[in-house]
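For the protein sequence lines, the chains are F and R, in the order given.
All letters in the first sequence, in the order written, are residues 1 to 137 by our numbering.
All letters in the second sequence, in the order written, are residues 1 to 221 by our numbering.
Hint data in this document are derived by calculation from the structure and do not stem from the laboratory.
A hint or two may mislead.
[Said to hold, decoys possible] Some chain R residues well away from chain F (every beta-carbon gap over 12 Å; in silico):
{"id": "1", "residue": "PRO33"}
{"id": "2", "residue": "SER72"}
{"id": "3", "residue": "PRO95"}
{"id": "4", "residue": "PRO128"}
{"id": "5", "residue": "LYS133"}
{"id": "6", "residue": "VAL140"}
{"id": "7", "residue": "TYR218"}
[To be verified] List of simulated lysine-lysine pairs, DSSO-like, C-alpha gap at most 27 Å:
{"id": "8", "chain 1": "F", "residue 1": "LYS49", "chain 2": "R", "residue 2": "LYS109"}
{"id": "9", "chain 1": "R", "residue 1": "LYS171", "chain 2": "R", "residue 2": "LYS79"}
{"id": "10", "chain 1": "R", "residue 1": "LYS79", "chain 2": "R", "residue 2": "LYS109"}
{"id": "11", "chain 1": "R", "residue 1": "LYS152", "chain 2": "R", "residue 2": "LYS171"}
{"id": "12", "chain 1": "R", "residue 1": "LYS111", "chain 2": "R", "residue 2": "LYS43"}
{"id": "13", "chain 1": "F", "residue 1": "LYS3", "chain 2": "F", "residue 2": "LYS63"}
{"id": "14", "chain 1": "R", "residue 1": "LYS48", "chain 2": "R", "residue 2": "LYS103"}
{"id": "15", "chain 1": "F", "residue 1": "LYS63", "chain 2": "F", "residue 2": "LYS98"}
{"id": "16", "chain 1": "R", "residue 1": "LYS154", "chain 2": "R", "residue 2": "LYS132"}
{"id": "17", "chain 1": "R", "residue 1": "LYS74", "chain 2": "R", "residue 2": "LYS190"}
{"id": "18", "chain 1": "R", "residue 1": "LYS206", "chain 2": "R", "residue 2": "LYS109"}
{"id": "19", "chain 1": "R", "residue 1": "LYS171", "chain 2": "F", "residue 2": "LYS79"}
{"id": "20", "chain 1": "F", "residue 1": "LYS3", "chain 2": "F", "residue 2": "LYS24"}
{"id": "21", "chain 1": "F", "residue 1": "LYS79", "chain 2": "R", "residue 2": "LYS132"}
{"id": "22", "chain 1": "F", "residue 1": "LYS87", "chain 2": "R", "residue 2": "LYS132"}
{"id": "23", "chain 1": "R", "residue 1": "LYS132", "chain 2": "F", "residue 2": "LYS49"}
{"id": "24", "chain 1": "R", "residue 1": "LYS48", "chain 2": "R", "residue 2": "LYS79"}
{"id": "25", "chain 1": "R", "residue 1": "LYS212", "chain 2": "R", "residue 2": "LYS171"}
{"id": "26", "chain 1": "R", "residue 1": "LYS206", "chain 2": "F", "residue 2": "LYS87"}
{"id": "27", "chain 1": "R", "residue 1": "LYS132", "chain 2": "R", "residue 2": "LYS103"}
{"id": "28", "chain 1": "F", "residue 1": "LYS62", "chain 2": "R", "residue 2": "LYS133"}
{"id": "29", "chain 1": "R", "residue 1": "LYS154", "chain 2": "R", "residue 2": "LYS43"}
{"id": "30", "chain 1": "R", "residue 1": "LYS188", "chain 2": "R", "residue 2": "LYS79"}
{"id": "31", "chain 1": "F", "residue 1": "LYS79", "chain 2": "F", "residue 2": "LYS98"}
{"id": "32", "chain 1": "R", "residue 1": "LYS154", "chain 2": "F", "residue 2": "LYS63"}
{"id": "33", "chain 1": "R", "residue 1": "LYS190", "chain 2": "R", "residue 2": "LYS79"}
{"id": "34", "chain 1": "F", "residue 1": "LYS49", "chain 2": "R", "residue 2": "LYS171"}
{"id": "35", "chain 1": "F", "residue 1": "LYS62", "chain 2": "F", "residue 2": "LYS3"}
{"id": "36", "chain 1": "F", "residue 1": "LYS87", "chain 2": "F", "residue 2": "LYS24"}
{"id": "37", "chain 1": "R", "residue 1": "LYS133", "chain 2": "F", "residue 2": "LYS79"}
{"id": "38", "chain 1": "F", "residue 1": "LYS79", "chain 2": "F", "residue 2": "LYS24"}
{"id": "39", "chain 1": "R", "residue 1": "LYS190", "chain 2": "R", "residue 2": "LYS212"}
{"id": "40", "chain 1": "R", "residue 1": "LYS171", "chain 2": "R", "residue 2": "LYS188"}
Where is the CB? At the ideal position from N, CA and C, for every residue including glycine.
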Amino acid sequence: MIKQAAAFMALCVLASCQNAEELKSEQYFVEGYHLYTANCSNCHQPDGKGMSNLYPPLAGSKKLADRSGIACIIRNGMKGTILVNGKEFNRPMPANAKLTEIEIAEIVSYVSMKWGKDSLYTPITYVQNALQNCKPD
Amino acid sequence: MAYNSRFNLIYLFILTVFVAGFSACSDSERKLPIYGERDTVTKTVDGKEVVDTIYNTIPPFSFVNQEGDTVSEKLVEGKIYVTDFFFTTCPTICPVMKRQMIKVFNDIKGKPDVMILSHSIDPEHDTPQVLKKYAQDLGVEGSQWQFLTGQKEKIYEIGQKSYLSTAKEDKSAEGGYIHSGAFILVDKEKHVRGMYDGTTEEGTQKLIADIKTLQEEYNTK
């Protein structure tokens, strides 16, 4: 009886462990959604499809696979011509100096889970590391 | 008692106005208001005193469009037009306004008596070439929607004094400028007839409906 209870408890802990990751992913996703709406969606649009030839889409973009690169672009902005989904874009994106590391992690989590292939969140340590190693523009 | 009957009179008056308002609507004779400060002048016509109202009127202007052509108030002579203020590098509300304005543009496309004038409030950066590229990237062709640049002071002046809109430089604002997200509707007599929140779907749809109401005003004249 005690053994059974212990096994059950262990199972619970295991399950909640897994849930903790999922729960965190959901938290990051929701926070990221709000931050994306406030900081990114004016140009990239709520559906991530961008706007005509002015602002590039995120949905379907190969760049989403490079989460470190995305973190750097969010923090530092970018300029120059880029090719996204076969279309050229060359309007500069402004830097977002006001966004904190946790906020960038939440936005990266949101866009990479929503339009990329990730199913889990991007931790703040990952973003911190990425931001320290951003390539100069 | 005196108070009571006066109250009833006011009540009756309000009711009449309401009924009149509704019947006017159904007769599609609804008129848009005229915005801005107004003055009255008293004239003598045929020996009688007549009071004339002078409405806020868009003054003559001279700007340069995305083709590099100088344009003046003659561009909009005999036309209804929608105007707004923006700049091409604006990271905040301009993309939203332009997305909404495209809806207006699609609705008025091909109507010869309706135009759109978008003024840049960052004319030093937004040269005709920059505006041309912006219009192309936005997917706007033809001359029905024109993007204007020119002397900064003149643009700010006409924005604030005539179009009743906020447009000015502010280094502390994101992007360096503050401006309202308003779409402004101007009639053929150059009076402001409507102001709409160009950052919302609701404001945009109201504008599209009001353009039709205003056109109707001229059709029934």
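Results of checking the hints against the structure:
{"no.": "1", "hint": "PRO33", "result": "31 Å, holds"}
{"no.": "2", "hint": "SER72", "result": "29 Å, holds"}
{"no.": "3", "hint": "PRO95", "result": "5 Å, violated"}
{"no.": "4", "hint": "PRO128", "result": "17 Å, holds"}
{"no.": "5", "hint": "LYS133", "result": "9 Å, violated"}
{"no.": "6", "hint": "VAL140", "result": "9 Å, violated"}
{"no.": "7", "hint": "TYR218", "result": "33 Å, holds"}
{"no.": "8", "hint": "LYS49(F) to LYS109(R)", "result": "25 Å, holds"}
{"no.": "9", "hint": "LYS171(R) to LYS79(R)", "result": "36 Å, violated"}
{"no.": "10", "hint": "LYS79(R) to LYS109(R)", "result": "14 Å, holds"}
{"no.": "11", "hint": "LYS152(R) to LYS171(R)", "result": "15 Å, holds"}
{"no.": "12", "hint": "LYS111(R) to LYS43(R)", "result": "39 Å, violated"}
{"no.": "13", "hint": "LYS3(F) to LYS63(F)", "result": "51 Å, violated"}
{"no.": "14", "hint": "LYS48(R) to LYS103(R)", "result": "49 Å, violated"}
{"no.": "15", "hint": "LYS63(F) to LYS98(F)", "result": "23 Å, holds"}
{"no.": "16", "hint": "LYS154(R) to LYS132(R)", "result": "21 Å, holds"}
{"no.": "17", "hint": "LYS74(R) to LYS190(R)", "result": "11 Å, holds"}
{"no.": "18", "hint": "LYS206(R) to LYS109(R)", "result": "17 Å, holds"}
{"no.": "19", "hint": "LYS171(R) to LYS79(F)", "result": "22 Å, holds"}
{"no.": "20", "hint": "LYS3(F) to LYS24(F)", "result": "31 Å, violated"}
{"no.": "21", "hint": "LYS79(F) to LYS132(R)", "result": "20 Å, holds"}
{"no.": "22", "hint": "LYS87(F) to LYS132(R)", "result": "19 Å, holds"}
{"no.": "23", "hint": "LYS132(R) to LYS49(F)", "result": "23 Å, holds"}
{"no.": "24", "hint": "LYS48(R) to LYS79(R)", "result": "34 Å, violated"}
{"no.": "25", "hint": "LYS212(R) to LYS171(R)", "result": "39 Å, violated"}
{"no.": "26", "hint": "LYS206(R) to LYS87(F)", "result": "34 Å, violated"}
{"no.": "27", "hint": "LYS132(R) to LYS103(R)", "result": "19 Å, holds"}
{"no.": "28", "hint": "LYS62(F) to LYS133(R)", "result": "26 Å, holds"}
{"no.": "29", "hint": "LYS154(R) to LYS43(R)", "result": "33 Å, violated"}
{"no.": "30", "hint": "LYS188(R) to LYS79(R)", "result": "5 Å, holds"}
{"no.": "31", "hint": "LYS79(F) to LYS98(F)", "result": "19 Å, holds"}
{"no.": "32", "hint": "LYS154(R) to LYS63(F)", "result": "43 Å, violated"}
{"no.": "33", "hint": "LYS190(R) to LYS79(R)", "result": "9 Å, holds"}
{"no.": "34", "hint": "LYS49(F) to LYS171(R)", "result": "31 Å, violated"}
{"no.": "35", "hint": "LYS62(F) to LYS3(F)", "result": "51 Å, violated"}
{"no.": "36", "hint": "LYS87(F) to LYS24(F)", "result": "35 Å, violated"}
{"no.": "37", "hint": "LYS133(R) to LYS79(F)", "result": "16 Å, holds"}
{"no.": "38", "hint": "LYS79(F) to LYS24(F)", "result": "33 Å, violated"}
{"no.": "39", "hint": "LYS190(R) to LYS212(R)", "result": "17 Å, holds"}
{"no.": "40", "hint": "LYS171(R) to LYS188(R)", "result": "36 Å, violated"}
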